[in-house]
Structures are given as structure tokens and as C-alpha cells.
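Novice: Now for the letters of each chain:
4 protein chains.
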Amino acid sequence: MIIVMQPAAKEEEVQHVMTRLESAGLGVHLSKGQFRTIIGAIGDEELVRNLGLEALPFVEKVLPITKPFKLVSREFKAEDSVFKVGNCTIGGSQLVLMAGPCAVESEEQLLAAAEGVKAAGAQILRGGAFKPRTSPYSFQGLEEKGLKLLARVREKTGLPIVTEVMDQHTVKLVAEYADIMQVGARNMQNFYMLRELGKLQKPVLLKRGLSATIEEWLMAAEYIMAGGNHQVILCERGIRTFESYTRNTLDLSAVPVVKYLTHLPVIVDPSHGTGNWRFVPAMSRAAVAAGADGIMVEVHPQPEKALCDGAQSLTIERFTSLTKELSQLAAVMGKYI
Amino acid sequence: MIIVMQPAAKEEEVQHVMTRLESAGLGVHLSKGQFRTIIGAIGDEELVRNLGLEALPFVEKVLPITKPFKLVSREFKAEDSVFKVGNCTIGGSQLVLMAGPCAVESEEQLLAAAEGVKAAGAQILRGGAFKPRTSPYSFQGLEEKGLKLLARVREKTGLPIVTEVMDQHTVKLVAEYADIMQVGARNMQNFYMLRELGKLQKPVLLKRGLSATIEEWLMAAEYIMAGGNHQVILCERGIRTFESYTRNTLDLSAVPVVKYLTHLPVIVDPSHGTGNWRFVPAMSRAAVAAGADGIMVEVHPQPEKALCDGAQSLTIERFTSLTKELSQLAAVMGKYI
Amino acid sequence: MIIVMQPAAKEEEVQHVMTRLESAGLGVHLSKGQFRTIIGAIGDEELVRNLGLEALPFVEKVLPITKPFKLVSREFKAEDSVFKVGNCTIGGSQLVLMAGPCAVESEEQLLAAAEGVKAAGAQILRGGAFKPRTSPYSFQGLEEKGLKLLARVREKTGLPIVTEVMDQHTVKLVAEYADIMQVGARNMQNFYMLRELGKLQKPVLLKRGLSATIEEWLMAAEYIMAGGNHQVILCERGIRTFESYTRNTLDLSAVPVVKYLTHLPVIVDPSHGTGNWRFVPAMSRAAVAAGADGIMVEVHPQPEKALCDGAQSLTIERFTSLTKELSQLAAVMGKYI
Amino acid sequence: MIIVMQPAAKEEEVQHVMTRLESAGLGVHLSKGQFRTIIGAIGDEELVRNLGLEALPFVEKVLPITKPFKLVSREFKAEDSVFKVGNCTIGGSQLVLMAGPCAVESEEQLLAAAEGVKAAGAQILRGGAFKPRTSPYSFQGLEEKGLKLLARVREKTGLPIVTEVMDQHTVKLVAEYADIMQVGARNMQNFYMLRELGKLQKPVLLKRGLSATIEEWLMAAEYIMAGGNHQVILCERGIRTFESYTRNTLDLSAVPVVKYLTHLPVIVDPSHGTGNWRFVPAMSRAAVAAGADGIMVEVHPQPEKALCDGAQSLTIERFTSLTKELSQLAAVMGKYI
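Protein chains in written order, with my numbering: chain A, 472 to 808; chain B, 472 to 808; chain C, 472 to 808; chain D, 472 to 808.
Source of the hints: derived by calculation from the structure; they are not laboratory data.
Keep in mind that a hint or two might mislead.
Note: identical chains are not told apart, hence a pair may lie in one copy or across any two.
As the list claims (entries may be wrong) - Straight-line C-alpha distance at most 20 Å; calculated EDC-like pairs for lysine to aspartate or glutamate:
#1 K643 - E578
#2 K806 - D650
#3 K532 - E516
#4 K541 - E647
#5 K532 - E546
#6 K503 - E493
#7 K503 - D515
#8 K776 - E531
#9 K776 - E483
#10 K776 - E516
#11 K503 - E517
#12 K619 - E788
Bear in mind the structure is a predicted one, so any value in this text is a computation, not a measurement.
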């Protein structure tokens with residue numbers, strides 16, 4: 472940490488800060504510049520954060536030097552993390568396609584979607600049993616009945632399933648059914664739930680919050696890893712900006728940034744990212760070219776009849792033609808589907 | 472709802488949309504303009520939302536006409552809602568001051584804060600027992616022990632308490648202690664928790680999410696009211712923007728907007744809104760002048776030693792001098808403290 | 472500046488950075504922490520900025536310590552700047568009301584507006600002769616004819632005028648007529664125009680750009696001051712966020728921040744800030760309570776017939792009742808109108 | 472346009488709106504729904520915009536149905552626009568690589584960059600002679616001398632040049648030298664300059680403003696086209712969000728959106744989009760996969776010595792290896808370099 476003093480800070484005020492740092496067990500490094508006195512604190516930055524030095528009127532600002540995340544960082548683990556789910560590996564040279572409907576609606580609908588996306592090349596089935604909805608008057612998901620349908624369709628198709636968990640106390644229930652536990656954007660900082668997920672030994676797909684910085688997203692992953700579960704898959708799904716032609720702004724630069732900072736796999740969700748089926752194929756291709764380890768796409772046998780997010784769902788035909796394009800792109804990127 | 476067809480939409484495509492609307496029980500109103508055919512759907516917009524018409528390639532867009540919230544709106548209830556908490560009324564001509572430390576740290580700290588803010592004029596004590604923290608390595612709150620301390624200090628000072636609930640399953644526990652249940656910004660769309668709060672008969676202070684639109688915020692209030700609990704207090708606490716001199720951007724225009732759209736009281740939190748004690752007094756005054764029903768301010772006996780958010784906490788002295796200013800402003804606004 | 476090296480940076484790479492700093496005439500301060508080597512550069516930060524050290528793969532980041540603005544800062548000039556315009560002073564204890572129509576449309580309209588706002592207490596008349604419009608098909612202003620009308624109405628009413636300049640080469644023309652030169656949000660970084668304005672000895676009202684950080688806004692003021700014109704008035708007018716109930720999000724916290732960082736007066740424009748006449752009075756009051764030196768409000772004799780921005784214009788009646796409220800608030804703030 | 476009346480609007484107020492629409496020559500379509508009366512205005516939406524109906528207290532909102540842009544839209548021209556610059560075509564099946572230094576610094580630097588990027592496959596040389604800089608104390612470009620150097624290097628290498636114009640009155644000067652006139656992000660709404668560019672018969676590369684919506688960006692293009700110059704190339708370069716790991720957030724979804732709405736070519740600038748050379752290759756690939764017609768990349772022979780934006784500049788080596796990757800991706804996309 473670097474503590475920047477106010478220009479008018481007095482000698483005893485500088486001393487006060489140094490004393491507090493030292494009594495917290497930190498090394499201290501004083502530097503009097505032309506315009507400012509700055510104090511370098513040597514040691515664990517977490518200790519400095521807890522000192523509340525910014526509350527002092529003679530302190531101008533406190534600048535962090537190291538990053539607040541540890542276990543997720545490349546410095547903790549240099550090589551890429553690769554997780555196995557069913558026959559599929561996430562984070563290596565396989566490009567993972569997770570596809571399926573926004574919400575589980577019925578066995579018929581789910582099976583049709585699952586068979587369609589499997590035939591097109593998808594390795595993992597997505598589908599929501601618990602649905603976070605903005606309006607209390609909207610369809611809220613089939614809940615446990617939906618989980619059972621997912622399990623039945625997995626049995627029939629062999630596709631592992633990824634499905635959302637919405638609450639600390641349903642973690643156990645969802646974990647009985649899911650192959651990958653999905654944390655939705657609205658729950659990225661539901662810290663109690665993250666801690667509960669940290670106790671599992673099962674992959675967690677952690678969506679980036681609607682307005683989460685990359686650092687906050689990685690800190691949420693840190694919560695899960697700090698609990699002992701190191702199988703975290705990051706998922707970029709768009710951030711909120713002023714642009715309204717798309718539902719969110721898909722931040723694809725998060726892909727190389729996250730690959731640079733961490734060893735975790737990163738998946739892109741172009742369906743929520745754009746909110747419009749027309750733009751999903753282009754953004755899926757872009758995600759692969761940016762270096763994503765996979766994509767997660769909403770596919771519905773009849774988008775027009777979907778109970779949820781039909782506007783951003785691909786038909787099976789469109790998804791099939793997309794996977795052909797992705798397959799060629801994957802080859803250029805040294806990957807395979 | 473207004474359904475705008477693509478310019479090239481064919482007759483049978485227009486017919487397809489009309490048939491779907493009619494079979495959902497909606498009235499239909501066709502209008503062929505110079506450039507576009509548009510279809511007006513007459514009836515409950517929620518029905519139209521569920522039809523997924525935007526998934527159809529020949530539909531350009533679907534525009535809502537009415538607002539999605541009902542119970543929170545002025546159309547449902549024209550006069551201001553006023554709630555009684557202890558001796559204090561929220562939403563009427565009393566200006567409510569909620570003040571206290573970010574986190575409950577010890578009985579000594581909490582009591583010092585409570586006595587200080589009470590003497591300065593605050594009517595309600597704030598203090599967090601459960602703390603949502605970005606880092607798993609930061610202080611996470613005293614939890615139930617903190618709730619007990621809050622109750623003890625209430626007994627000693629007579630101040631009702633507002634404290635945060637972080638999870639559906641601690642709603643009952645927190646409700647045993649709190650006079651007002653606080654929903655934090657990160658939990659604004661924790662829908663399971665909102666539903667649980669809807670079953671109480673106790674005021675809920677609902678903070679606006681970090682990047683929530685006003686409409687989403689009101690829909691979260693709608694969840695609580697739809698459950699049967701009509702005592703919702705809205706709290707603006709800043710939204711996330713690109714500006715970095717302040718921790719968030721306090722959106723004070725939300726105050727008149729919310730007053731125009733709803734009958735619910737609205738409180739402003741300038742501490743999280745700015746993240747810097749220097750700017751808290753100015754924004755507290757501005758909140759009152761904008762028409763807020765009260766403010767919620769972090770006050771700590773020794774901000775420099777706070778375990779959480781010291782940089783944005785006022786000392787008791789500064790808070791005391793602020794309440795004098797607010798008292799004069801309240802008078803101009805036809806209110807009293 | 473603080474140069475943070477990559478964790479794996481080698482001895483000779485650290486040396487390379489130090490040598491470059493020294494050969495640019497900067498002092499160097501080396502600090503080897505537990506996790507990172509950091510190098511403090513002592514001297515003018517502008518010199519470090521020009522070294523492009525972030526281009527080096529072994530440099531992790533370069534952190535500025537001092538602020539990039541000089542002449543606008545409180546460190547350059549501690550006491551508030553106060554400018555005289557006609558009989559009115561801006562930046563002192565007078566609360567300045569600038570009011571008038573968005574665009575100058577005709578002598579009749581302008582005179583009606585001017586007489587109305589003057590009677591209500593406004594000291595300065597606003598009105599646009601050059602109008603930056605999003606669409607090439609919208610009304611673009613009366614240009615020089617509008618300037619002449621402004622001058623005629625000033626003669627009749629005695630009100631000084633503030634009007635927008637849109638281009639480097641019309642600076643001279645506008646300066647012949649205007650008492651205050653207004654720089655619109657879209658032109659905040661029109662650097663050639665800023666330089667031209669720096670050559671005048673006339674107040675410049677500098678609106679904050681739609682998505683300008685406070686620092687960029689102050690750097691734009693620095694351009695004008697660096698040219699020799701020290702009469703800069705800052706004007707907050709809302710920034711762009713995701714919220715759509717208001718046209719922009721009025722960032723009132725910019726008022727105390729700017730007052731803390733600089734000696735310049737700051738004015739608030741709640742008309743563009745909200746885009747809706749309903750919310751203008753509340754935000755005008757809030758601006759005054761936040762410590763603004765004045766407000767700038769759109770007032771039109773018949774908003775419904777305005778050629779531009781009618782939706783955000785107050786009628787003369789509404790403006791008159793607003794000024795009464797503001798007058799009482801000003802008194803509480805130790806100011807007068 | 473759809474005019475939505477307030478729920479409490481009276482019969483004569485509905486009539487007032489209808490009369491105003493009719494007297495402006497618009498057709499009127501009345502629809503009384505369950506909750507609202509709405510009025511459809513049939514005819515040119517520009518006429519409705521000018522009526523200022525939102526200023527009426529009994530009007531709730533005015534919703535546009537058609538888009539405000541005409542000449543740039545696919546409805547005006549269905550097939551892709553393709554422009555010829557030197558031997559290169561923009562907007563067709565050739566993938567265009569514009570590369571070169573941020574600023575022209577010297578003939579030696581520019582020639583080294585030009586020869587390097589040409590050898591790597593770039594077809595167009597970029598380089599700024601006029602530099603918009605946030606600080607008045609930063610290097611502001613070589614101005615006309617820089618233009619002359621660009622011309623000299625074009626002569627030596629055969630590469631056409633794209634360079635920025637910053638002001639209405641330098642349009643003529645820059646047009647003497649440039650093959651493509653670049654409008655920077657800060658000037659996207661410099662309407663006087665856009666009108667001047669509309670009088671040329673030369674391609675204009677129009678960068679998206681820092682916080683411009685796609686609609687505003689297209690309206691800026693409309694200004695140029697409305698003047699008679701139909702050769703507009705759009706350039707996405709990142710928008711401002713809260714994320715700080717990257718300089719801006721590159722909005723790649725703008726590529727398919729713009730391709731859907733307009734017939735104009737679209738280029739992506741990953742250098743400004745990310746602000747960090749490490750992330751430029753990934754985002755260049757993503758741009759191509761998203762369907763961009765080309766990219767614009769900053770390349771410097773010695774980024775560490777660049778007078779401007781060294782941190783985001785590629786070395787010639789890195790650019791060369793990038794073009795190899797892009798060449799393979801282009802083939803998958805049915806394009807060639």
C-alpha cells in the first residue's frame with residue numbers, strides 16, 4: 472500500500488500514520504517528494520485495509536499495490552486449471568458448448584432441446600429450474616420438479632447438466648442433481664451462498680454480476696476457492712451500460728483480462744449479453760476468437776412459445792448452423808469441439 | 472403493449488401476431504402507418520410479455536405502455552404511505568435520521584455511537600451485524616452476537632434499530648431483534664429473501680441495487696408488497712458509474728422520480744453514496760432539499776479505528792453539526808426532525 | 472509516480488526503469504516489498520507520463536500520485552474565485568440564477584422569457600443561438616441572428632447573457648455579444664476551441680461532458696486557464712448512466728468534490744440533468760443545498776411550443792414559485808439571490 | 472409516434488393532443504385501452520418530435536416507432552456499401568488492416584512503422600498529426616508538419632493514409648493530405664465539422680463517441696450523408712463503463728447491431744478499446760469473428776519511446792504475428808486480407 476499524505480500534512484501527522492502501520496506489524500518506507508509525502512507500507516495489504524487510514528483528514532488517499540485476490544491468481548497457480556465434467560474438459564483445448572432452454576418448462580420441451588443441441592455438438596445441457604425474475608408476476612421456474620426433469624433428460628441423452636442455484640439453503644438440493652452449479656449474475660455477491668458452494672467438490676459456474684468489476688468477480692471466485700472448492704468456471708454475460716440496442720454490453724475484453732490475471736476457465740454467455748437472437752451467432756464467434764473456453768447459449772425448440780427469454784433464444788436450426796462455424800473457428804484457435 | 476412489425480412484414484405475419492394476441496384473451500388494434508404496421512394489444516401487459524413475440528423474426532420490437540409495477544404505484548394508492556417505528560413516523564412531515572456505525576463491533580463502540588447520535592437528534596440507530604464484504608478475508612460481522620448487542624443498546628437508549636438481513640433463512644432471526652429490516656444493495660434482487668420479507672408485518676428498508684434501474688428497484692418493492700407486507704421504505708445509496716472520485720454516484724434525482732411514481736417513503740444514504748466523509752454533509756443537505764423523507768448516515772466514535780468503512784464515517788462531532796444544518800433545512804421544506 | 476514492477480521482473484529490468492527515470496531528470500526511490508518491487512519517481516509527474524513505461528512487459532502499472540491539474544487546484548489558489556458579471560457576482564455569497572429558453576426562437580419569445588425570469592429574480596439570461604442537435608433534421612438555431620436578438624433583449628431588460636459557442640472560429644463572433652461564453656457538454660474536449668477561449672478575458676461557463684470524469688472536466692478548465700483566461704465557471708449537467716427515467720443522472724456529488732479540489736465556482740443545470748420539468752424544482756433545491764454557486768434553468772413562456780427541449784422547460788409561473796423556495800434555502804446556506 | 476396519456480387525462484386534453492397532431496399534418500389514431508388512452512400519430516415522426524408534447528402535464532410519454540436515421544439505414548439502401556481507397560476495398564470481402572503509430576513523431580519513426588506494418592500485411596497507414604489530448608501540457612501533435620510527413624511516407628510505401636481532423640476549419644487542410652478523414656471519439660458530435668465533411672467526396676472514418684449510443688453514432692453519420700458525402704466508415708473504439716482494468720469497454724456487439732441497422736462498413740479499434748497492448752491481439756481476433764470489415768491498430772517501432780499511448784501500441788513483431796492469425800480467421804469468415 473502507498474499512503475499519500477495531504478500536501479499540508481504536518482510532521483506529527485506523518486508520524487501518526489507510520490506508528491499505526493508499524494504497530495500493525497508492517498514495514499514502513501518514507502518518501503518525501505516535491506509535492507507530497509508518501510509512505511509505503513510493506514507487508515500484507517489486508518492489514519493496511521483494516522487500519523481505516525482514509526478516515527484521517529490529513530491522509531489524501533491510500534493506493535493498493537497488490538491485487539486483493541490470491542487463490543484465483545496466476546501468481547498462486549501459473550498453469551491453466553482444467554476441470555472434467557462427464558466426458559468433457561473445461562479449460563483445456565476442448566471448446567465447450569453449453570446449450571439449452573432458459574427455463575425448464577416440461578419434459579417434452581427439455582428433451583427436444585437436449586436432443587437438438589446434442590446432435591449439433593453441444594456437450595453440456597443448460598436449463599433453469601429456479602428462475603430469478605424481475606417481476607413477482609412472472610413465471611418463477613418449476614423448482615425441484617424442474618431439477619428432476621433435468622436428471623431424467625440427462626439419463627436419456629447422456630448430457631451433463633448445468634443449472635442455477637439461487638439460495639444458500641438450496642445448494643444441497645441442487646447439488647444432488649446438477650453436474651455444474653450455476654451462480655446467476657444477481658447472486659454473484661450472495662456471500663453466504665458462495666461460502667456454501669465452497670464446501671462442495673463440484674464445478675461452479677460463476678456469472679459476472681450486472682455491474683461487477685472484474686476484480687469483484689474474481690473476489691467472488693476467491694470466496695468459493697477459500698472454502699476449499701477450487702473448481703470455479705467464470706462466465707462473462709454482459710454488463711450494464713447506457714446502450715439500449717442490446718440488453719447488456721457483452722464485455723469480451725474480460726476474456727483476455729481474466730486469462731491474464733487468473734488460471735480459471737472462462738465461458739461467455741452471448742444470449743444474456745445481447746438479449747437478441749439476431750446477434751448471438753456473431754458474439755459467439757467473437758467469444759471463441761477472443762480465447763473463451765466455451766460458450767453458454769439459450770436454445771429453445773420454439774422460442775416464440777418460451778416462458779422466459781424467447782427473444783434471445785436460438786432455434787435448434789440456428790444453433791446447428793452456428794456450431795459449424797464455431798467448429799472451424801475452434802480449429803484456427805487450436806481447439807476442438 | 473405496442474407490437475411494431477418489421478417494415479417488410481407480410482400480411483400473414485401480421486395476422487399471426489394478431490391471432491396469438493387474441494387467443495391469449497387480449498383485444499387487438501391494428502394501425503398501418505406510412506412506414507410501419509403496428510398492433511396495439513389491449514388488456515393486461517403481463518399476458519403480452521409471456522407471449523415471447525420478440526422471438527419472431529418479423530417483429531421489430533414490443534413496446535410496453537403501462538408500468539410493470541402495481542402495488543407500489545400512485546395509481547394503486549394516491550396518498551403517501553406513512554409508517555410508524557417507535558415514536559417516529561417515516562414518510563410524513565418528520566425528517567428521519569438513521570445513524571450509527573457501519574458494523575457493530577463491541578458494546579462499548581455501539582453504545583458510544585448510539586448515545587452520540589441520539590444526543591444529536593437521530594431517531595433510529597443503524598448498525599450491521601451481518602456484513603456483506605467483497606473479500607472473504609475481511610471482517611464479516613458479529614452475526615447473532617451483534618444482534619444481541621443492538622437489542623441491548625436499544626434498551627439503554629430507547630432508539631429503534633435498523634439492521635441488515637442477508638439471507639432468506641436469517642429473516643426470522645433478524646426479525647426477532649430489528650425494528651426495521653434492511654435489504655442491502657447486493658440483495659435487492661434476492662427474490663427468495665424478498666418473498667420471505669413479504670410475509671412479515673414489519674418495515675423493510677430496501678436499498679437500491681448498485682446498478683439497478685428505478686423500475687427494477689420498484690419491482691423488488693413489489694415482491695415484498697405482493698407477499699402482503701406493505702411497509703416498504705426505499706433507500707437510494709448511489710449507483711455505479713465511471714466516476715471514481717466518489718465510491719458511487721448518488722442519484723438524488725431518484726428522490727423526486729420515486730415520489731412521483733410511488734406512494735412509498737424514500738431515504739438517502741450519502742455515506743455509501745459518496746464513500747468519503749468529506750462529502751457526506753453536502754449530500755445529506757441535498758437529499759433533504761430534494762424531498763427525501765430522511766437520511767441514513769454512518770457515524771463512528773473513532774472512524775480511524777472502524778473495522779469497516781471508516782473512510783465514509785462521520786465523527787459524532789461532525790454528525791452533530793450536520794443535524795443542526797438539517798434542522799434548518801427541514802423547516803424550509805415544511806418538515807421537522 | 473509509483474512504478475509497480477511485475478512480480479517476476481528481473482534485476483536488470485528494474486535497473487532499466489530506474490535509468491530511464493534518472494535520464495529524464497527524475498529522482499528515484501526503490502522499495503522492495505514482500506510481493507512487488509516498486510519504484511517511486513520524484514519530480515514532475517508529467518515527465519513520467521511521457522516515458523511510456525507501461526509499454527514495458529515487465530512493468531505492471533504506473534500509478535499517479537499528484538493530480539494532473541495545476542491552475543484550477545486549491546493548491547495553486549486556496550481561496551474561492553469570484554467573478555463579476557454585470558451587477559452579479561459568481562462564486563461568492565450570491566446565489567446566481569441563469570434562466571431562459573433552450574433556444575432563441577424570436578424576439579417576442581425571448582423578451583417574454585427574459586421579462587418573466589427577471590421578475591422572478593434571475594440575474595442572468597440564457598438562450599442558445601447555435602444549437603448542437605443530435606439530428607441533422609432538427610432546428611439548428613438562429614445563429615448570428617439569435618445573437619443579435621440576445622443583445623437587443625439585454626438592452627431592454629438589463630440582464631447579462633450567457634450563450635453557447637460551438638466552434639473555434641465562432642469564438643470571436645459570440646464574444647462580441649455574450650457576457651458569459653458557454654461551452655456545451657459535447658464540446659468540453661474541443662481543445663482548439665478551449666485554447667481560443669483561453670485568449671479571452673471573459674467568463675467561460677464550462678459544462679461537464681456527458682461521460683466526462685471530474686478529472687477530465689478540470690483538465691478542460693486547465694486548458695482555458697493555461698491560455699491566460701482564469702474566469703472559468705464549472706457547470707454540472709448530468710452524466711450518462713443506464714437509468715432511463717431521467718435524461719441524464721445529475722451528479723450533485725460533483726459539487727462538493729469540485730469545491731474541495733478547486734477554487735472555481737460551480738453551477739448546476741437541472742434541466743438537462745433530468746430532462747423532465749417535473750423534477751427540475753427538486754433538483755434545483757438540492758443543488759443549492761449541496762453548495763452550488765447557482766443554477767441554470769430552462770424557462771419558456773410556452774414550453775409546449777418550444778422548438779427545442781420543451782419537455783424540460785419550466786413555465787414562468789413554475790420558475791417564479793421555484794425562486795421563492797430557493798430564496799429561503801439560500802438564506803439557510805448563508806447566501807442571497 | 473405513440474402518445475401515451477396520463478391515466479387521469481380528460482377528454483378535452485386528449486382532444487388537445489389530437490388537434491395539435493392534425494394541425495401539423497399528421498394522421499391520428501385513437502385507442503382507449505383498459506389502463507391508458509394512447510394516440511398513434513401517423514406520418515413523419517420528425518414532425519411529432521417538434522411538437523413538444525412531452526411538455527404537457529397530461530401527457531405521460533411519447534414513444535418513437537421508427538428510427539430517426541434515414542440515409543444510413545438498410546431501409547434506405549439494402550445492400551452493403553463498399554468504398555475504394557487506393558488498391559483496397561472497405562466493406563466487401565477484403566479485411567482491412569489500418570495500422571501505424573498513435574502520433575506522427577518524425578519521418579524516421581513513421582517510415583519504420585509504415586514499412587513494418589506494410590510488410591505484415593496492412594493496407595492502410597494510420598498516424599495522427601493533430602492530437603486531442605486531455606492535458607494542455609501533453610504533446611499536441613506535429614500538425615501540418617505531420618501531414619507532410621504522412622504524405623512523404625505514403626509516397627515511399629504506397630500506403631494510403633487515414634488521419635484525424637479536429638476542427639471544422641482544418642477539414643480542407645487535412646483533406647489535401649488524407650485518403651481517409653478520421654473523426655475522433657471526442658468530435659463525434661462536432662456538428663459543424665460533420666457538415667463540412669459532408670461536402671467532401673472522400674471516405675470519413677467516424678469513431679463512436681466515448682459514451683455515444685449506437686443511435687447517436689448513426690445520427691452523426693447521417694449528418695455527413697445528409698451533406699452529400701455517402702462514404703462513411705463507422706469505427707467502434709470502446710465505450711466508457713465502470714470497469715477499470717481496460718481503458719474503455721470495447722462494445723463488439725455494436726458490430727452485428729450496426730450491420731443489421733445500416734449498410735455502412737464497420738471497423739474496430741482494439742487499441743483504444745482496451746488501452747493495453749496485451750489485450751489487443753485477442754480483441755482484434757474477436758472483432759474479425761464478430762464480422763468487422765477491418766481493424767485499426769496502433770503499432771510503434773518502439774512503444775516504450777512513443778510520445779503518446781505507448782501502453783496500447785504493438786511492436787512490429789507482435790503486429791506481424793497478429794496478422795498471421797487474422798489471415799486464418801478471415802478465411803473462415805469468407806474474407807481475405
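Novice: Quick one: which hint numbers does this structure break? Sort them smallest to largest.
Specialist: Of the numbered hints, 1, 2, 4, 12 do not hold.
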